[in-house]
Amino acid sequence: MPLSTQPLGSGEPYVLTASLDNARNLSSLLRAVQFQDHATCFATANGLRVTVEDAKCIQANAFIQADIFQEFSVQEESVTFRINLAVLLDCLTIFGASSTPGTPTALKMCYRGYGYPLMLFLEEGGVVTVCRINTQEPEDLLDFDFCSTNVVNKIILQSEGLREAFAELDMTSEVLQITMSPDKPYFRLSTFGNAGSAHLDYPKDSDLVEAFHCNQTQTNRYKISLIKPSTKALALSCKVSIRTDNRGFLSLQYMIRNEDGQICFVEYYCCPDEDIAEAEL
Amino acid sequence: MWGPVPLAPGPPGTETRCPRPGAPAPVPPVPTLAPRSPQPPAGAAPCPGAEQPHWGQAPAGPGPGAQQRGAGNPRAGGGERGRRRPASARRGPIGRAARRSGSPPIRRAARAPPSNSVAAGPAGPAPSRAAEERGGAEGDGRRAPPPGHVRARGSRRAGAPSLIRASQSGAAGGGAEAGGRPMARRGAGAGPVAAAARGRERRGRAGGGGAGPGAAGGGARLPPAMKCVIAGSNVRALGRAVHALSRIGDELYLEPTGSGLSLRAASPSRSAFASFLLAPLFFQLYQPGPPAAPPRCKVHMKTFLGVFRSLPALEKTVERCLLLLRPRASRLVVQLHCKYGITRTHNLAFQECERLQAVFDTQRCASSLCAPARVLAEAVVHFPQTLAEVTLAAGPGGRISLRSYVEDEAELGKAMVTELWLAPDEFQAVAVVPDSRITFCLKEFRGLLTFAEASNLPLTIHYDAPGRPAIFTLEDPLMEAHLVLATLLDPESSSQPPAANGISHAPAPSDDFADDLESYMIAMETSNYGEDLGAPPSPTFPLRTPHPIESTPQEEEEEEEEDGAVPGTPPHKKFRSLFFGSVMASGGPSPAPSQEVLAEDSDGEC
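Protein chains in written order, with the numbering used here: chain A, 5 to 285; chain B, -9 to 596.
Note that these hints are calculated values from the structure, not bench results. Glycine included, C-beta positions come from ideal geometry on N, C-alpha and C. Be a bit skeptical, because a hint or two may be false.
[Said to hold, decoys possible] Among the chain A residues that face chain B by a calculated CB cut under 7 Å, a handful are:
1. A199
2. L204
3. P207
4. S210
5. L212
[As the list claims (entries may be wrong)] Partial list, computed: chain A residues near chain B (C-beta under 7 Å):
6. D58
7. E168
8. G200
9. A202
10. H203
11. D205
12. Y206
13. T235
Looking at chain A on its own, in the form it has when it is part of the complex (with noise of 0.2 Å):
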């Protein structure tokens, strides 16, 4: 690859290098947590999470393992920074968002360290596009503290079944009611819109169920948009896993198969709506 270009700037060596030789790997995946501009990236050995928030309430994970990488090398133990997804986006899509099969962008990513700005070399069919993004200073991100352990019911589906269901839920109502139960109706998605209430019941003998785990009725409310976002990872999936646990906090899982049938995830964490779980108590 001729992305071995000359270190910019001081000698100081890179935190941070990874390389990709397919950028939609990296993009799609980035992509499905792109609701808000900003992101905070979190590099291990193990590989990148991408971390997207909204209001206080829902969280996002990207995660890229760092076998995904062609390359992948963390010279500290964590590197944190916070970025402009939009523009990081756009720049891992330069060369056009849905580029042939055939010719894939590869992808070099080097970060400096803190202060320094994240630097992309892109290339395809030998145009090489050099890109340098400023990072900002991460911020805080919200501990869901959604801990297995806790967690009282999981269903995991494949996303097909899913898929329908949020493009098609009543946007006039505030929020989603999501139902999961041992019993009748087993799992409910409820929307209360101007028009009146809708209801999608899966049965849990259903094709598109491939775990039911549900050990005590949970009805929750969340906010429909704050839901919504995570349908863009939702049309990548191939399954999703649901879950609650003993708050009502609603985990969902997106496993994604990436163009070369590697498996990524993809995390939303969201709060339920306050009022229903005070009815509950």
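Given chain A's structure and the hints, the job is docking chain B onto it.
Just chain B, lined up with the frame of chain A:
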């Protein structure tokens, strides 16, 4: 939420509405309080959360765990960073109550259900007995440990959803309602005071924000639900019909009748009307309401269309569709049973309404054409989407032409005009008056064509002189469709349109115009208040129907609202409005005088 719904005409014995002498009048146990979540056999096998399916909670990446996060990020002082808890949606946008009250009640207060005329008369043994027994039962309920059904009924009354989603709002308002309502109802049953009580009740209901479930608590007051089951490919046909209707108007009128389920829509300016009649054969199961008081309702087109929004998805996934009118809950239930056992239930708010009927008669049209929908669709496709109207003309040799209509002569120089000729042998039948021509809107026509093409049905066009409505029909053993479109009054062809199609219209001199408009508006909106009087279905004609003196404020408001729509949205250009009488009930054949009410819009005369 959808439970078994009592389809039988409700528990009898609710005092006034069902004074069937022989009917047993025990306390209705309301056995059908739809079990919200029927307890299934204990097959659910709760699984303790230990088992991890093949992909676990923490993906292989850097891990979402808090520890890692805390440890990382030296620059940002990750160590001392306190864990911030998510705000738990505490930004507390809008309290639930506030939100609820903000939601617009879709439905105006329902008019008193039909057939209350009986209330005046009956005072028979059955009603009063029922009332007594009911009183007794409720009394018992208060004293003794509650017999389940009495309680159940009370709770249902309080909690069942009313229009404004009161159901979820806790029982405060609902409870009060439940407290007040039974009194009035019992009074109504008492015979002599029936009328007064009825009035009170109606007012109460209107004030309460609509035909709450309380009113329906007795079960027999409102007509029992209609129920239809549609299978497979017919669901798609229904979806396509709804799409076609959505091009016409903003509201969809549903009326189950003995001859099938009728879906109708009219354009706001009343220049277009479409109706689809789905025959009982169209359905797997078809149970219209009682023939005496068929439930009529209208729903927002957008809402209904939302259910059938994606036709490909409909085709791919939906196996069965259930349509259910639940007056008790004030809901039209559309349930789609999809692949993989998924059930989509839509509980739509509806509004009780008069019948929407256009006055037209295909027999009186001088010309008619019949062609496979594909022929017409392929012809129409050549016209630009932005083109509003097209002129259909009969040319020499039986050829039919379609030509863009350009309104303004001055624009004629700039506009692109498309014209195409169809040979007579393209048509299945041609019986046209030579040199006749009409101009009509394309948009609605395209909608019907799409439906006709997908259903592979021939389309018949009936038309008469310019200015008279053109009628497009599709017929099939399973369904028939009518589209009635206003046509443009062509100043060239005739200044005085002939009294064709039975609509004898006396062109009003401009002096009289105000009267004309007024009568038009009255005619437009007059509904048959015979409903309130319990008159049997009879053809009523708007001009003749006297306004009832004791129309409730609610009703007047409704009229005003609808009236308001008419002058506010004059038909475009020189279109004559079709006249649609709001006929309460279909009855015998409409005598011709009814059609005198046809009036034209102001533009047409000016």
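Each hint tested on the structure:
1. A199: holds, 4 Å
2. L204: L204(A) check passes; min Cβ-Cβ to chain B is 5 Å, inside 7 Å.
3. P207: At about 4 Å, which falls below the 7 Å cut-off, the nearest Cβ of chain B leaves the hint on P207(A) intact, so it holds.
4. S210: holds, 4 Å
5. L212: Constraint on L212(A) satisfied, holds at 5 Å.
6. D58: At about 11 Å, which exceeds the 7 Å cut-off, the nearest Cβ of chain B leaves the hint on D58(A) violated.
7. E168: Holds - the Cβ of E168(A) comes within 7 Å of chain B, reaching about 6 Å at its closest.
8. G200: At 4 Å from the nearest chain B Cβ, G200(A) passes the 7 Å test, so the hint holds.
9. A202: holds, 5 Å
10. H203: Holds, because the Cβ-Cβ distance from H203(A) to chain B comes to roughly 4 Å (cut-off 7 Å).
11. D205: OK, holds: D205(A) within 7 Å of chain B, min 4 Å.
12. Y206: holds, 6 Å
13. T235: violated, 15 Å
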